[in-house]
Amino acid sequence: MTHLILRRLATSVLILLAVSLLVFVATLLLPGDPAQAILGQQATPERLAALREQMNLNDPIWQRYLSWLGDLTVGDFGVSAASGGPVIALLGERIGASLVLLVAAASISIPVGLLVGTYSALHRGRTGDHITTGASLVLAALPEFVIGIWLITVFSTTIFPILPSVTMAPPGEAVWNYPSQLVLPALTLVLVVTPYITRMMRATMLEVLDSGYVEMARLKGVPERQVIVRHALPHALSPVAQVIAIQLAWMAGGVVVVEFLFRYPGIGQALVDAVANRDVQVAQALSILIAAVYIVVNLLADMVGILTNPKLRTGGSR
Amino acid sequence: MSVIDSPQLVEREVEAPPGLLRRLIRQRQAKIGVALTAAVVLIALFGPLVLPWGATGYTSTEFAGRPFKPEGLFGTDNLGRDVLTRFLDGGLRLLMFAALATLLGMIIGGLSGMAAAYRGGIVDSAIMRSNDVLLALPQLVFALLAITVLGPQSWVLVTVIAITHAPRIARVTRSATVAVVTEDFIRASEMYAVPKWKILVQDVLPNITGPLMVELGLRMTYSIGALASLSFLGLGMQPPTADWGLMINENRIALAIQPWGVILPVLAIAVLTVGTNLITDSLARASANLNVGESK
Amino acid sequence: MGLSGGGAADSLDAHSPVSTTDIARVLNLYEGLLYRDENYELHPLLATRATASPDARIWTVDLRTDVTFHDGRPMTGRDVAATFRRITDPKDPKTGASSLAILDQVVVLNDFKVEFRLNTPTATFDDSLGQYSLGIVPEDYDPANPIGTGPFIYRSFSPGRSSLFARNEQYWRGGNEPYLDELEILNFNDNDALINALLSTQVDAIGQIPLALLEVIDADPRIGILNSETGMWMPFSMRVDKPPFNDKRVRQAFRLAVDREQMIEQVLSGNGRVGNDLYSPFDPGYASHLPQRVQDISKAKELLAEAGYPNGLSVELVTAPIQAGAVEAAQVFAEQAAAAGIKVNLRRVDTTTFFGDGYLQWDFAQSFWYTRNFLPQVNNSSLPTSPFNETHWDHPEFAQLVAMATASVDPEKRNRLISQAQEIEYDEGGYIIWGHPNQADAYQQYVAGLVPSRTGLALSGFEFRRVWLGKVL
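So the sequences go chain by chain: A, B and C. When we follow this note's numbering, the leftmost residue of the first sequence carries the number 79, and every step to the right adds one. When we follow this note's numbering, the leftmost residue of the second sequence carries the number -4, and every step to the right adds one. When we follow this note's numbering, the leftmost residue of the third sequence carries the number 160, and every step to the right adds one.
Check each hint, because a few of them may be wrong.
Quick list of the computed label-pair ranges, beta carbon to beta carbon [unchecked claim]:
hint	chain 1	residue 1	chain 2	residue 2	range
1	B	ILE102	A	MET381	30 to 40 Å
2	C	THR510	B	LEU44	30 to 40 Å
3	C	GLY429	A	HIS201	58 to 68 Å
4	A	GLN141	B	GLN148	24 to 34 Å
5	B	ILE102	A	PRO138	35 to 45 Å
6	A	GLY148	C	THR510	27 to 37 Å
7	A	GLY148	C	ASP225	50 to 60 Å
8	B	LYS26	A	ASP207	18 to 28 Å
9	A	TYR256	C	ARG381	15 to 25 Å
10	A	ARG86	B	ILE117	17 to 27 Å
11	C	SER212	A	PRO138	54 to 64 Å
Which residues of chain C face chain A? A partial, calculated answer using Cβ under 10 Å [to be verified]:
hint	residue
12	PRO318
13	GLN361
14	ASP509
15	GLY515
Coverage of chain C stretches by chain B, computed from C-beta distances (three or more under 8 Å per stretch; other residues unrestricted) [claimed, not checked]:
hint	segment
16	364 to 376
17	415 to 426
18	491 to 497
It should be emphasised that the hints constitute simulated quantities derived from the structure, not laboratory data. Keep in mind that this is a model prediction, so the values were computed, not measured. For each residue, glycine too, the CB sits at the ideal point set by N, CA and C.
Construct the complete structure from the given sequences, taking the supplied hints into account.
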């Protein structure tokens, strides 16, 4: 089993490397000259040349890639073309804000998804099940900005204008000091993510409920409540963990549209800005960051899968 | 998927598609899905056709009045054009591009998935590892970079969305194919020295239509969402094109005042994606039942 | 205060304001020697007087004696000289440098008197001194510690998001100005968020609302509207040295293809004045005698046929959201021009691309300019030596008239020359100036002291010193 985990780990590192190459090349291709972007309209040919030299823009591409990669490994993300400051300082706040949003959304959608999914499975074929299945099917189909716009229409502009539809905080103050502004963006994410968890929970729960050992427990006369909590739930959780992980990973990228819609000052918004401003260093840092989160979360999900899979467990101990 | 050793598999292979369809249509959910999808598709298809006949009195780039006024059935948009006209004219491209992107994604993903499963070895790992790389870059981040680099032309949009779909489709195709290629009838074909591509097309493909159809539906739903999202971000369809996603982007500032310019397209996209998703879900059930047989 | 625009590239540098929010910040932290008031009239600010020598080569400026910087030090002639040295530093020229190319040096006569020595006679040098990017800063100025003489003092700043300023207790104007204890300027990247912020009382006032929404926002009893007529212009620019626009008949045809009234209606919801292909409508020399140009499709077709396009032609128009209404104007033009057999293909790029390598190279594009008088505008955009000669306008007769006007101290003679120069542009110029949009801002009714401003800058030209808050009802 250790061997398997190590292999999986090595693959992840390789994928991350490949992604970094992809990101580097893609951001290199962004139209416009980074030196020009930093100097703006006041650029003179001499200053441009000097800055290009300083930024190593004249070096061969592979050399620039390697030095960029080297800087990344020691946590140096370079200098932002737009602000002139180090990228890391710019991003710290943004990452924090996005994390708050993601954690808020996850801490609602995971328990809700699990509960609703279990409820649905236990009431299979009855009205409650039909309603939740139908609702999750509908919600799962909707693009995130569609959900967001409905929420804004209902809670912010027309019917119940009670919640702010934009996020703003004075400088130096964190977004979480204004919880009412977090409601709609977080709710949007919750509504996007929960249906998947619910559906997966329902499906695995059904499978477990139909399985031999649950039947056995029931036949033995174990109270139904205990059957579910002690026997069924634990077995249903591990496949669901994987879906949850995938959803968390999705959120890291999907947050872009939601942040754009609600003007939320997180990494998604920063990425859209950076690409629009040709702030290559920031765009690189953010893309690689989002990809890294994606890879790590998927890795963790696989680990959980490996660790909880009984077949692999015996295989490893051999 | 756990019924590989079922003895009737070879016979079922022949009648898989009609069986799938029959089972599909038998579900109430599928009927709703088809009705919803058809409603939106009809609007999108016939909208542009009725406009030249003066259905609304305007073309989609003509001006009906000042911006954001209640004139006409659904008011005017950000440039004073008739919202209903723009709406009727704005669905076809979204549908067309979504379908193209889905098809292209299915072709790339399907072929590479089948190749990976059938050839195995180095080809398999090469294809699947590059899939992993593509999967690690979130769809939207990839689209954002690619469109900024290449510009928002139609072929870029379609290709970018297709490429983000391909690895996921490849995974599904591969696992479905792997289950099939170990079957006896494939081995038999191989023994008769039937060319490999022929085996893939004649023997493998019909046996994986179930999961592929499900994937097709799912990807279609996501293509519509992705295209609309890109237009909403301003990276998709460009003005003065009439397009539902772009309409949302253009008229969003007047959401509180003249909401139809946003609500009509949002509603259409919502109904459409819900419809395709209902069909897909029914498809998944139908194909799952098919594999399990009539055991329940 | 909520303002749209700005991004991570924002700065507090007194002399490099780029975005709208930069300008708003700079105008409240720093002050120039002269300034343009809400009627677009030039007034002394930190100066008491600016007088030209008879040959207009030397300008003497008397400074106010009662002005102190935010750190308490008095403002003197040495600071003025240092400020202009910083702006025109050949190694790192700032935004205002281009209009100061005529400036040889600033000589400090005494603490409160300086002399600007020019290399070219310039009768309107005082106008140049009234630009907002020429705020006077102390000799040891460092943008990291933004000290000026303005009504508000720097507290905190986060680029692309917001900035917080506090009242300058030592402000020289006295009379309790500024009235506000604190000024917070927030950036918004889109109008939707901006308006929602106002309607939900998250901000007190917002600058530049979309004109399409003006009436509806005005209908809200809690909200007041500031609708200012301006001299801003949002032209289409045709490169006069590139086909098909190197033929002046094509340019004339394009100008005749525009339905200006409809432009104002569709793009500005009626909030603007029709343009006559001339800029600087507030200049005393403005050629108001020229007849208003109106749409004339048959004449346009005729001109195109003469120029060798009897079946019309197809052009690409590069557009970008450089200003509210820009992309919209391009769409309306495309629709109108079709009637004259001109097929306009829109190419929308983002703002960074628009002002990137391709800027000043586009054959047919758009632009946006704030209110300016004729001569400074020409220096910026309409001479071969101008830094932003978008139309590649190089007309010897025009240039000669401009040079003569610049050198004439006599206002009447100068105005006549300006008028003549404008006639040339009216006939052959590369700009299609279809209108002058209004500037509309919105504020909560409890905000008082805002007045309409012709400058084109939002919210009374960002003069927040005049603003106070009434009772919150």
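Original post:
Which hint numbers doesn't this structure obey?
Top reply: Failing hints: none at all.
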